Amino acid sequence: MSSFDIQRPIVELPDQNPDPEFSDEELVWTDAEEEKIEAWKEQYPEDQAAIMKVLWLAQEKFGYLPPEVIKFCGETLDMSFSQAYGVATFYHQYYKEEKGTYVLDVCTCFSCQVCGGYDILHYLEEKLGVHAGETTDDGMFTVQEAECLGSCGSAPMMEITNGVYVHNLTPEKIDDLIESLRAGEVPSFTSMTLPQDEEELGGNRRTDVESTEAYQTQPRAEHMD
Amino acid sequence: MDANGSPQSPAGDWRSYERMLLPPIQDLHKLDVYTKHGGYDRLRRVLEDDDVAPDDITNEVKASGLTGRGGAGFPTGVKWTFMPEPDDRPRFLGVNGDESEPGTFKDRQVMEYNPHLMFEGILLAGYAMHIDTAYVYTRGEYTDWIALMAEQLENAYEAGYVGENILGSDFSMDIVLHKGAGAYICGEETSLMESLEGKRGYPRYKPPFPAQKGIFSCPTTINNVETLAHVPLIVQEGGDAYSTIGAEDMPGAALYGMSGHVKQPGVYEYPTGMLLSDLIYDVCGGMARGEDLKAVVPGGSSVPPIRADQIDGLSMNDESLGEVGSRTGTFCPLVLDEETDMVSFTRRVAHFYQDETCGQCTPCREGTGWLENILARIDEGEGRMRDIDLILELCDNMDGGRTICAFADGAVGPIRAAVKRFRDEFEAKCEASVYPVSTDVSAGPDSAVAATE
Ligand SMILES: Cc1cc2nc3c(=O)[nH]c(=O)nc-3n(C[C@H](O)[C@H](O)[C@H](O)COP(=O)(O)O)c2cc1C
Ligand code: SF4
Ligand code: FES
Numbered sequence: 001m002s003s004f005d006i007q008r009p010i011v012e013l014p015d016q017n018p019d020p021e022f023s024d025e026e027l028v029w030t031d032a033e034e035e036k037i038e039a040w041k042e043q044y045p046e047d048q049a050a051i052m053k054v055l056w057l058a059q060e061k062f063g064y065l066p067p068e069v070i071k072f073c074g075e076t077l078d079m080s081f082s083q084a085y086g087v088a089t090f091y092h093q094y095y096k097e098e099k100g101t102y103v104l105d106v107c108t109c110f111s112c113q114v115c116g117g118y119d120i121l122h123y124l125e126e127k128l129g130v131h132a133g134e135t136t137d138d139g140m141f142t143v144q145e146a147e148c149l150g151s152c153g154s155a156p157m158m159e160i161t162n163g164v165y166v167h168n169l170t171p172e173k174i175d176d177l178i179e180s181l182r183a184g185e186v187p188s189f190t191s192m193t194l195p196q197d198e199e200e201l202g203g204n205r206r207t208d209v210e211s212t213e214a215y216q217t218q219p220r221a222e223h224m225d
Numbered sequence: 226m227d228a229n230g231s232p233q234s235p236a237g238d239w240r241s242y243e244r245m246l247l248p249p250i251q252d253l254h255k256l257d258v259y260t261k262h263g264g265y266d267r268l269r270r271v272l273e274d275d276d277v278a279p280d281d282i283t284n285e286v287k288a289s290g291l292t293g294r295g296g297a298g299f300p301t302g303v304k305w306t307f308m309p310e311p312d313d314r315p316r317f318l319g320v321n322g323d324e325s326e327p328g329t330f331k332d333r334q335v336m337e338y339n340p341h342l343m344f345e346g347i348l349l350a351g352y353a354m355h356i357d358t359a360y361v362y363t364r365g366e367y368t369d370w371i372a373l374m375a376e377q378l379e380n381a382y383e384a385g386y387v388g389e390n391i392l393g394s395d396f397s398m399d400i401v402l403h404k405g406a407g408a409y410i411c412g413e414e415t416s417l418m419e420s421l422e423g424k425r426g427y428p429r430y431k432p433p434f435p436a437q438k439g440i441f442s443c444p445t446t447i448n449n450v451e452t453l454a455h456v457p458l459i460v461q462e463g464g465d466a467y468s469t470i471g472a473e474d475m476p477g478a479a480l481y482g483m484s485g486h487v488k489q490p491g492v493y494e495y496p497t498g499m500l501l502s503d504l505i506y507d508v509c510g511g512m513a514r515g516e517d518l519k520a521v522v523p524g525g526s527s528v529p530p531i532r533a534d535q536i537d538g539l540s541m542n543d544e545s546l547g548e549v550g551s552r553t554g555t556f557c558p559l560v561l562d563e564e565t566d567m568v569s570f571t572r573r574v575a576h577f578y579q580d581e582t583c584g585q586c587t588p589c590r591e592g593t594g595w596l597e598n599i600l601a602r603i604d605e606g607e608g609r610m611r612d613i614d615l616i617l618e619l620c621d622n623m624d625g626g627r628t629i630c631a632f633a634d635g636a637v638g639p640i641r642a643a644v645k646r647f648r649d650e651f652e653a654k655c656e657a658s659v660y661p662v663s664t665d666v667s668a669g670p671d672s673a674v675a676a677t678e
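From first to last, the protein sequence lines are chains A and B. Residue numbers for the first sequence follow our numbering, so the first one is 1 and each next one is one higher. Residue numbers for the second sequence follow our numbering, so the first one is 226 and each next one is one higher.
Check before you lean on any hint, since a few could be wrong.
[Claimed, not checked] Pulled from the structure, derived: some chain B residues nowhere near chain A, Cβ distances all over 10 Å:
(1) GLU273
(2) ASP280
(3) ASN284
(4) THR306
(5) ASP369
(6) ASN380
(7) GLY385
(8) GLU389
(9) SER394
(10) VAL492
(11) LEU539
(12) THR587
(13) ARG590
(14) ARG646
[Stated by the list, open to error] Only part of the chain A face toward chain B is listed, based on derived beta-carbon distances under 8 Å:
(15) GLN43
(16) VAL87
(17) GLN93
(18) SER151
[To be verified] Heads up, simulated BS3-like pairs for lysine-lysine below, C-alpha to C-alpha not over 27 Å straight-line:
(19) B:LYS424 to B:LYS438
(20) A:LYS41 to B:LYS424
(21) A:LYS36 to B:LYS404
Calculated directly from the structure, the hints in this document are not laboratory data. From a predicted model like this one, the values you see are computed outputs, not experimental measurements. No residue lacks a Cβ here, since even glycine has one placed at the ideal position from N, Cα and C.
So that you can see chain A by itself, here it is in the shape it has in the complex:
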């Protein structure tokens, strides 16, 4: 028998019927939120189309989307639970379970892979003592492996909690980053510097922060033991 089982391991499914985290009293929109939702409904011929925006809003408000929150979002737009649940579970960025304060999405997709994305991921995993997909004990960080985040020119890179992009990662940069996040500072958004690299090629190059240094790439297999 092969030691490598070609069948994917059976992953334990998350509890589909957890005890509600939020009570009915908590599951209400403020007037300001109601107003936003009404405006979104106006943008589409049918109310249901606003569900993605409502789920985003709920995620901001409640931190994540347990079933009762999804149900609540659906009811806001006259959708059945199964419709709303279908949408919420289709998309990666909706958190169906509680995450750390900072979710670190490290891109390991192909441009980042060949530029050392897995080195960064493994460095981070080791530093924080978690595997990809897990949250640190103090609830500060969740580390995740992401697919291409659309910033391949500054590979390897990561995104912090569906927001800020951090480019051209190195172990040193990770150390600094974790330190500043622990101190409660999210690094400032670095991409809005216009235009860049006027010297090079008459400024034709658009890139995200510093130019990339020579990379250290290791094929993924070497990390797998």
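Guided by the hints, dock chain B with the ligands onto chain A, whose structure is given.
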């Protein structure tokens, strides 16, 4: 060779090319800077000149030969003519800013540096096709850029460029920003429409095509962000003049998103038809680690990779890349050097598709999973020789119209090409394997069964 580089480059004299999509103007993303540099003038001219009919815009775009920059390369003007005559139904434009194709990061530069050019393109397209509302579907990860666009869109509304009776004319149109939430498949046009309607992003069968039955069953056109940003330039220069820029088969400017093992990765604007060698060694300053080139993936993960020994004289247009069985795709080449492990690389590509399949079609849902499984087994040194042919066989059972959308074809194309073109590397990994099986017994009728026992 003349002073301006290789004379055979379809991009012509690219060194003296002046940028149009991303011109070097400080703070161009702001409305006042954009209008100071001629922004929205093209829209104003079209709306104020009674002699310019909507069809004239479509005809100019047709004459320009502009092809879609979302990956499929369909002629944009021709697509616009598929829209039926206006009736009492609303009509929609879906602006595809999902940009999740691995290796692709050029639409974001338009949204960041020149969002008003995109808005102006949307409005001109809207005028040409009698559109009521445009939805800009942007991938959810681009939070900061969506915020930037929202702010600029509001400015454009206030200044009367968008909304009711634009610039005092009787043309009205809304632009709505829609934020995705991390699903590659929502870049596929019918999936994008489903997602917009507040459903799971499951692609639909075609026909009916979006022009007949699109968003909320109304006539719809889907165009890529960059494609629409070309439209004001075409209106300005005239379609015929625009068609002389770059390669003949897909003319115009292009945003080249260079990534991988080059010294200066990033997005560069040049005419279409740039020689790959110019892009790598000239524009990007050569290989980052001083290693030799091994392979190039010319335009996103869904296009077949090219071997280094094939790139001589190849240029970034479909006619040229077609000669080696590849495509321009999204115009974002990934450059790989000799150090790259092509098996690990192909495995990661397979993982992406396994992760992102929507799961509607069995060949795609199951096939992508098995491709990843087999590639992982080879990568980890436990592959059998016959696994290599098993991969190819599996590929043959996934593509070619067996599925609802082209995702499965996009998954199979690069994997099949990588296995065929770098077969020696796959064989080397299988040879070292603890389960060597000679190639003689591979690909037998029972091999798929035998390999899974
Ligand atoms: C699986 C799949 C993913 C796609 N992803 C994108 C995308 O992220 N962005 C995009 O503009 N087009 C994407 N497309 C192409 C669109 O379906 C569509 O052809 C394109 O948006 C049309 O615009 P264009 O003609 O301006 O290129 C994708 C297609 C497929 C099959
Ligand atoms: S081909 Fe794949 S991604 Fe496309 S509809 Fe079928 S299962 Fe979904
Ligand atoms: S591959 Fe990592 S951002 Fe594109």
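Classify the label on ASN380 of chain B as holds or violated, using whether its beta-carbon is more than 10 Å from each beta-carbon of chain A.
holds (16 Å)
When you look at the beta carbon of THR306 of chain B, is every beta carbon of chain A farther off than 10 Å?
holds (25 Å)
Given the hint that LYS41 of chain A pairs with LYS424 of chain B, does the C-alpha gap stay at or below 27 Å?
The hint holds at about 15 Å.
Interface-negative label, GLU273 of chain B against chain A, beta-carbon threshold 10 Å
holds (29 Å)
With d taken as the least Cβ-Cβ distance between GLU389 of chain B and chain A, does d exceed 10 Å?
At about 14 Å from chain A, GLU389 of chain B clears the 10 Å cut-off, so the statement holds.
Would the least Cβ to Cβ distance between GLY385 of chain B and chain A come out above 10 Å?
The claim stands: GLY385 of chain B keeps its Cβ more than 10 Å from every Cβ of chain A (closest is about 19 Å).
Could you check if VAL87 of chain A really has its C-beta closer than 8 Å to a C-beta on chain B?
Nearest chain B Cβ about 6 Å off; hint holds.
Verify this label for me: VAL492 of chain B is non-interface relative to chain A, using a Cβ-Cβ cutoff of 10 Å.
violated (4 Å)
Separation of ARG646 of chain B from chain A, once the least beta-carbon distance is taken, above 10 Å:
Answer for ARG646 of chain B: holds, closest chain A Cβ roughly 16 Å.
For ASN284 of chain B, which was marked as not at the interface, is the minimum beta-carbon distance to chain A over 10 Å?
About 30 Å separates ASN284 of chain B from the closest Cβ of chain A, which puts it past 10 Å; holds.
Given hint LYS438 of chain B paired with LYS424 of chain B - CA-CA distance at most 27 Å:
holds (16 Å)
Quick one: work out the minimum CB distance from THR587 of chain B to chain A and report holds if it exceeds 10 Å, violated otherwise.
Its Cβ never comes within 10 Å of chain A, the nearest being 17 Å, so this holds.
In terms of the numbered hints stated before, the structure departs from hints 5, 10, listed from lowest to highest.
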